[in-house]
Amino acid sequence: MGEPLLRTVTMSPANTAELDTLGRELQALIQNPDTSAETWLALGRRFYAVNRLAETLELAGLATARRPDAPDLWNLKGVALRMQKRLDEALAALDTALAIDPDLVSALVNRGNVLMDLGRIDVAVTALERAVSLEPGNAAAHNRLARALLQASRADAAIDSFRAYARLQPTTPQAWVQLAAVLSQLRPPEEAEAALLQGLAVNPDAPPIVHQLVLGWRSTGQHARAAKFLADILQRRPDDALVNFHLGDLLRETAPAQALHHLRRAIALSPDNTDFTFGLIQALEAQSTGPLGGDVLDEGHALACRALAQATLAEVTLIGARIAVLHATFSRVGAWAQLDELDTLRTKTAPGVLAGDLFPQIARARTPAQQAALMRQHQLWGQGAAAAAARAPLPPRPARPPAGRLRLGFLSSDLRAHPVGYFALPLFQHVDDARFELFVYSHHAGEPDAVRTLIASRTTRYNVWPRMTARDTAARIAADDLDMLIELGGHTTHNRPEVLAYRPAPIQASYLGYPHSLGLDAVDLFICDPRNQPSDPSRLAETPLVMPQSWIALSDHHRARYGQVETVQPADRRGVITFATANSPQKYTPEAIEAWACVLKAVPQSRFRFLRPEVASSVLRRNMVDAFSRSGVPPERIEWCDQVGASCDYYADVDISLDTFPLTGGTTTVDSLMMGVPVVTLRGQAFHERLSASILANVALGDLVADDLDGYVNAAVALALDRDRLRTLRAGLRNRVLDGPLGQTEVFARDFYDMIHTTVTAARASPRTGD
0 MGEPLLRTVT MSPANTAELD TLGRELQALI QNPDTSAETW LALGRRFYAV
50 NRLAETLELA GLATARRPDA PDLWNLKGVA LRMQKRLDEA LAALDTALAI
100 DPDLVSALVN RGNVLMDLGR IDVAVTALER AVSLEPGNAA AHNRLARALL
150 QASRADAAID SFRAYARLQP TTPQAWVQLA AVLSQLRPPE EAEAALLQGL
200 AVNPDAPPIV HQLVLGWRST GQHARAAKFL ADILQRRPDD ALVNFHLGDL
250 LRETAPAQAL HHLRRAIALS PDNTDFTFGL IQALEAQSTG PLGGDVLDEG
300 HALACRALAQ ATLAEVTLIG ARIAVLHATF SRVGAWAQLD ELDTLRTKTA
350 PGVLAGDLFP QIARARTPAQ QAALMRQHQL WGQGAAAAAA RAPLPPRPAR
400 PPAGRLRLGF LSSDLRAHPV GYFALPLFQH VDDARFELFV YSHHAGEPDA
450 VRTLIASRTT RYNVWPRMTA RDTAARIAAD DLDMLIELGG HTTHNRPEVL
500 AYRPAPIQAS YLGYPHSLGL DAVDLFICDP RNQPSDPSRL AETPLVMPQS
550 WIALSDHHRA RYGQVETVQP ADRRGVITFA TANSPQKYTP EAIEAWACVL
600 KAVPQSRFRF LRPEVASSVL RRNMVDAFSR SGVPPERIEW CDQVGASCDY
650 YADVDISLDT FPLTGGTTTV DSLMMGVPVV TLRGQAFHER LSASILANVA
700 LGDLVADDLD GYVNAAVALA LDRDRLRTLR AGLRNRVLDG PLGQTEVFAR
750 DFYDMIHTTV TAARASPRTG D
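In this text, residue positions in the sequence shown follow numbering that gives the first Met the number 0: the first is 0, and each later residue adds one.
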């Protein structure tokens, strides 16, 4: 039977007195030619335990020279060499140990470790399987074998070994966490949950298991179950910082006040925990459009500033999701200096690309070079998603015979009471039943609302799979034998564009919910219209699929949002022209503020009004006032309206909307026009720079679309000086919208289905490559 594995010894720093003692003992051994192998080994382990690898190796060299027939000493030498990355020498030492004692389990396991380091996985598995056969009760051997089997793509055997490790180490929470992690990747989520619950039964309230259980339940939409679980623990342990954090993070959307209470409590209990700090920043940012928007934004901004000030380029904690959290907070308050600093950190410290960090960068890409870099970021994400899909590809399916109705699928978590749902609704209200049957696939775990119910009633199946992995979703979609699949959400909350990487449909397209290329080679088409199609083909990775007129139309549900148009022109009532924007502060840029300031300076006594709940923030107001002041506009000409709602009645005091750029309005542009307020926009070359341009062209307001900054300012000033035109537009804009392509929902749906039918028919006639 072998000695316990040296690698499992806990390493810790040694103090000076301890090192002096070890040194004296080593000298005594060197002086004594009769020192036994066991004595050498005991001292070697003590050096190893305090991470003195050089001394461990020196001792092992002396010991094996004195006692060359002692396999445990060769094992010690092999371990020390491995820790110094001298892998070939380590393997030779371990082979010597096993030549002396082929059944030395510790040497077999350590040899397996070295072989794994060298990438010789199959040979490592053989060594580790022999170790387990010799000592079935050796938990560490099972753990190493499980990892090797996983790398060897022997999933079932790996799971069996992880189960054996957990069975042998039942009071080690990490054993159950490791088992659950593997199960969550390879088996249905219920199996991972069962393993964690089994581990929790013998490790009550163990933080690692609690953590993984809650993450698993959240990822599968079981929020209520997770909340009850955490609340029960808090009854027993109210001062558990981790549980307070998880409960607060979980309640962000459903009970924001409680969420903030628990997150603040977690930080009070563990002030140095950066996870807790970033969790609170994220929760505060999420509440920025609520009734406490100003206060929570200012609190979040202060925390974010401290987090950024404490970050260094070498700090591994400020990566990925944390950069996205800081970006969201700073952009909400127009903190452009901090955003510039964050961009530097992103390029130097963030490994890989996080999907949630892509959308916030669109508004920041203000130059051709920045937009090209943004495209590369999306493509890097796409390459990662494609690589994950390639590791577990879907089995090939025969092409569906070209008979019967076409099967069209929509992958979206937003086909509900959501802007995407409202704009997509005409496609379901006017389904071409003779030629199409529709399928919807959603990962949103919320309760059905009126829009979702209506859409579901017009589909063959409306699938809701909040607990399903991307691959399993793709497999289920593939089983429906679609002719085409359209993704509607992109890199936004609740949506899973990585599903398309598995190619579950022969033709795949992006549409409506994300104003940029997804970055996936598996997405063939990008649905747009003649006016928002990028003028520079390099700004779009997919092939444009172009609608005849407009890419959107206003459903009845969308129209019902709006209140009555104020008939009196605000300038006639107030005596001054009022410009405004209702776009999110995340779209504000220094260039846009400078252009707005130029407009105000050219229109005497005019005002600019921000129509956003975030303007309750003192930080946002200060930043905007400073930006306007730098361009020569005093604070008294800036106005704030934080009381906004779905009826859009806040447009009653607005004469002209000035659009953001480069990321223009979409829903807000439609809202403004429906309330009788014209919009001036700046058109660029990319799709996201042309959204408002398309909308305005479809209501015959193409003259309010500028192609440069001077044209933008001139168009706004000319419109402001033409009071008669403003009055005419206010009285007739809503009818102009509804009588044009945006309001002709049946025509829009017919054009859409004709386009899809033509696309699928042409693809069938011309075999695709690369599928």
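Simulated from the structure, these hints should not be mistaken for laboratory data. Some hints could be false.
[Claimed, not checked] Quick list of simulated restraints, FRET-style, between CB atoms:
(1) Asp121 with Asp448: 46 to 56 Å
(2) Pro529 with Ser218: 37 to 47 Å
(3) Arg722 with Ser218: 41 to 51 Å
(4) Gly403 with Asp723: 22 to 32 Å
(5) Asp753 with Thr452: 39 to 49 Å
(6) Arg572 with Asp448: 54 to 64 Å
(7) Ser218 with Pro135: 57 to 67 Å
(8) Asp121 with Arg460: 43 to 53 Å
Cβ coordinates follow ideal geometry from the N, Cα and C atoms, glycine included.
> Can you give the numbers of the hints that this structure goes against, from lowest to highest?
Replying inline: Violated: hints 3, 4, 5, 6, 7.
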